[in-house]
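2 protein chains.
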Amino acid sequence: MDETLLMIPGPTRVAPRVLKAMSENIVNHRSAIFGQILKDTSQMMSDVFRTTNKSYLLTGSGTAAMEAAMVNILKKGDKVLNVVGGKFGQRFMQIVEAHGGTSLPLEVEWGQAVNPDEVGFLLEEHEDIKAVTVVHNETSTGVVNPIKELGKILRDHDTLYVVDTVSSLAGDDVEVDDYGIDICVTGSQKCMAAPPGMASITLSNDAWDVVNRTDSASYYLNLKKYKKSGDADPPETPYTPSVSLIYAMHEALKIIMDEGLKNRINRHKLAAKATRNGVKALGLELFPEEEVSSTTVTAVRMPEGVTDGEFRGTMRNKYRVELAGGQDHLKGNIFRIGHMGNITHRELITTFSAMEMTLRELGFDIQMGEGVAAVADTYLPEDV
Amino acid sequence: MDETLLMIPGPTRVAPRVLKAMSENIVNHRSAIFGQILKDTSQMMSDVFRTTNKSYLLTGSGTAAMEAAMVNILKKGDKVLNVVGGKFGQRFMQIVEAHGGTSLPLEVEWGQAVNPDEVGFLLEEHEDIKAVTVVHNETSTGVVNPIKELGKILRDHDTLYVVDTVSSLAGDDVEVDDYGIDICVTGSQKCMAAPPGMASITLSNDAWDVVNRTDSASYYLNLKKYKKSGDADPPETPYTPSVSLIYAMHEALKIIMDEGLKNRINRHKLAAKATRNGVKALGLELFPEEEVSSTTVTAVRMPEGVTDGEFRGTMRNKYRVELAGGQDHLKGNIFRIGHMGNITHRELITTFSAMEMTLRELGFDIQMGEGVAAVADTYLPEDV
Chain L
2 MDETLLMIPG PTRVAPRVLK AMSENIVNHR SAIFGQILKD TSQMMSDVFR TTNKSYLLTG
62 SGTAAMEAAM VNILKKGDKV LNVVGGKFGQ RFMQIVEAHG GTSLPLEVEW GQAVNPDEVG
122 FLLEEHEDIK AVTVVHNETS TGVVNPIKEL GKILRDHDTL YVVDTVSSLA GDDVEVDDYG
182 IDICVTGSQK CMAAPPGMAS ITLSNDAWDV VNRTDSASYY LNLKKYKKSG DADPPETPYT
242 PSVSLIYAMH EALKIIMDEG LKNRINRHKL AAKATRNGVK ALGLELFPEE EVSSTTVTAV
302 RMPEGVTDGE FRGTMRNKYR VELAGGQDHL KGNIFRIGHM GNITHRELIT TFSAMEMTLR
362 ELGFDIQMGE GVAAVADTYL PEDV
Chain A
2 MDETLLMIPG PTRVAPRVLK AMSENIVNHR SAIFGQILKD TSQMMSDVFR TTNKSYLLTG
62 SGTAAMEAAM VNILKKGDKV LNVVGGKFGQ RFMQIVEAHG GTSLPLEVEW GQAVNPDEVG
122 FLLEEHEDIK AVTVVHNETS TGVVNPIKEL GKILRDHDTL YVVDTVSSLA GDDVEVDDYG
182 IDICVTGSQK CMAAPPGMAS ITLSNDAWDV VNRTDSASYY LNLKKYKKSG DADPPETPYT
242 PSVSLIYAMH EALKIIMDEG LKNRINRHKL AAKATRNGVK ALGLELFPEE EVSSTTVTAV
302 RMPEGVTDGE FRGTMRNKYR VELAGGQDHL KGNIFRIGHM GNITHRELIT TFSAMEMTLR
362 ELGFDIQMGE GVAAVADTYL PEDV
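If you're matching them up, the sequences are chains L and A in order.
Residue 2 is where the first sequence starts when you use this note's numbering, and the numbers rise one by one after that.
Residue 2 is where the second sequence starts when you use this note's numbering, and the numbers rise one by one after that.
Some hints here could point you the wrong way.
It does not matter which identical chain is meant; a pair holds if it fits inside one copy or across any two.
[What the hints assert, rightly or not] Pairs of lysine to any residue, SDA-like flavour, derived with a Cα cap of 25 Å:
no., residue 1, residue 2
1, Lys88, Arg313
2, Lys77, Gln95
3, Lys77, Asn213
4, Lys21, His251
5, Lys40, Asn318
6, Lys153, Ala33
7, Lys55, Ala233
8, Lys80, Asn223
9, Lys149, Glu291
10, Lys88, Thr351
11, Lys77, Asn223
12, Lys77, Val293
13, Lys153, Glu311
14, Lys281, Arg18
15, Lys225, Gly310
16, Lys225, Lys274
17, Lys21, Met358
18, Lys270, Ile256
19, Lys225, Asn318
20, Lys332, Asp159
21, Lys226, Leu381
22, Lys153, Gly36
23, Lys263, Glu98
24, Lys55, Asn334
25, Lys332, Asp232
26, Lys80, Val385
Source of the hints: derived by calculation from the structure; they are not laboratory data.
Please work from the sequences and hints to get the whole structure.
Here it is, written out as structure tokens:
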């Protein structure tokens with residue numbers, strides 16, 4: 002279909018093993034054989050979330066899971082503190098408002114991470130905050146938020162801690178139980194390297210207590226139904242699930258287990274470091290401060306004097322490497338290199354080589370090979 | 002994974018061509034190449050719906066599309082007439098109630114079809130009915146409702162006509178424009194024989210007028226966003242879609258076009274007739290009256306003196322043919338033979354042969370071969 006190297010922050014290319022598993026024919030979604038696959042997949046999701054709680058699979062995009070996280074705990078007028086530092090932080094706020102909740106947005110400049118103390122101050126100021134939402138890895142800005150530190154602050158408050166790990170889970174440190182996360186959501190198509198179209202959610206006992214005394218404002222996303230079906234033996238889903246995508250997730254999760262979650266996260270961290278080193282070697286500027294730069298997607302300021310169409314267009318059409326652009330007010334101002342899922346040294350070398358050729362072609366006075374060398378250097382053992 | 006012959010009313014086995022298309026690797030969901038696939042798939046969906054209006058794809062189950070049909074037109078307290086003659090008719094009612102609408106249920110005995118005149122009477126009696134919902138093919142009872150005749154009655158009333166064709170579209174007559182249907186929803190995994198996990202929806206101009214002046218009570222299922230993204234060039238989806246399942250739907254729809262929609266519907270009608278003839282030849286009793294018996298799933302009363310576990314268990318475990326049981330209060334009282342998607346003479350012969358062996362084994366005095374012969378006879382040309 003398209004031999005372009007996909008270096009966007011999801012969806013990512015998936016391994017042949019995963020495509021093969023997905024191409025098995027359909028079975029009855031209410032059979033013992035499918036129940037076993039569902040059970041294993043859910044268990045492996047919990048292992049990746051690092052929680053002893055159950056995980057549930059939703060047939061839908063990550064956004065469906067974000068909405069599920071809100072509609073099952075909110076009553077009209079309930080106050081939610083939304084950390085908003087990018088498009089996905091905004092989305093949580095919009096979801097709260099769509100359901101008649103009152104959003105208290107903590108605006109963080111796009112490109113910066115939230116300061117956990119500011120969340121603490123707001124929680125002291127407003128005693129009636131039902132939940133705090135934060136996007137771990139803000140895909141739109143390439144910023145990682147300090148969810149561990151936030152968890153420490155939230156531990157002293159009677160509020161639900163809701164974290165979107167759509168573009169970080171299995172690629173960066175997420176310890177649901179250890180960080181005290183009450184509701185954690187993710188998508189299939191990012192660091193887990195399964196195809197898009199599935200989401201997963203896990204809830205703490207505290208979160209279930211709230212869910213159980215709240216009428217869900219959504220029928221399709223009513224988590225009480227997912228729990229009832231999912232806790233049966235064999236487990237089921239309340240509505241016909243995407244059987245093929247669950248085969249695919251099952252296989253993608255087995256690959257994660259084979260690689261080892263820790264190894265996989267370290268591989269992502271190394272790819273992020275190599276990318277940042279390559280960017281700097283080419284004289285380009287990271288969009289976020291390096292300390293808060295994402296482990297799974299690197300946002301870079303568009304060099305002066307070149308348009309998004311010229312830069313990304315040449316990358317894609319001539320060198321067959323697809324990068325992502327900026328979203329909303331960052332459109333044209335940044336580009337983003339996704340390095341999540343199965344990305345290794347090889348794909349980064351190809352990407353930086355294409356970037357060097359593209360920049361030279363567009364008239365930039367860069368030293369050919371500097372970016373590629375900086376990437377390769379990062380992968381060398383430290384004692385070489 | 003499982004060599005069982007799947008004779009349930011969805012999901013159905015899918016053609017190797019479809020599995021092959023689905024196993025292509027992932028592309029950027031916001032690229033021209035994917036936009037073309039989305040455009041073609043949406044156009045073919047409209048062709049199958051038999052409408053000149055656009056169709057939109059939702060990453061979710063058929064239930065997500067049912068909810069989308071309601072949450073985008075309803076305000077609190079709005080009255081909806083729900084035809085309820087089975088589990089899926091009930092579901093529409095529950096969705097209306099979950100969103101604060103007032104359901105006016107027209108209860109139809111399970112196993113019977115709605116009388117369009119009764120809908121007419123209720124519409125005369127209540128002038129403020131915003132929408133009427135009906136499930137074309139009530140999968141739970143094997144009954145087909147007269148959506149063409151209902152359309153004629155609704156034409157004289159200022160109400161939206163909402164039809165669930167999840168288990169009928171591409172297997173039975175559905176003429177969205179001709180019947181005056183305002184909102185029509187379907188799922189991927191039934192007569193279209195694509196894998197489960199996708200849904201589609203199409204709306205008339207009258208329906209869009211209502212949608213445009215209504216705040217959607219769902220964020221994920223906000224149809225205004227699907228329209229905005231879907232009408233762009235190239236079209237997109239508002240949230241990351243299930244890329245692989247759209248590849249699969251695209252291929253499944255091409256198969257439908259290759260076969261010809263009319264031919265495909267006739268093939269389903271013939272399979273239904275053969276199934277009913279086989280059932281009667283074995284001395285079993287159809288659950289619905291024959292005139293309203295579904296074209297895609299045949300519901301049969303469980304013979305006296307045998308349990309669901311014995312009958313379907315033997316069918317499944319010994320003869321590897323999977324039938325569906327009854328749902329809710331019909332559990333144990335009926336079984337259902339799905340004959341949708343790619344089902345031909347061959348699968349029905351296998352099914353009836355297994356049914357004959359199973360029934361004999363369970364002590365029934367049936368004439369071996371009678372069911373199989375009745376099926377085969379139905380497929381013979383009339384002049385033989």
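Hints not upheld, ascending by number
Violated hints: 6, 10, 12, 13, 14, 15, 16, 17, 19, 20, 21, 22, 23, 24 and 26; rest satisfied.
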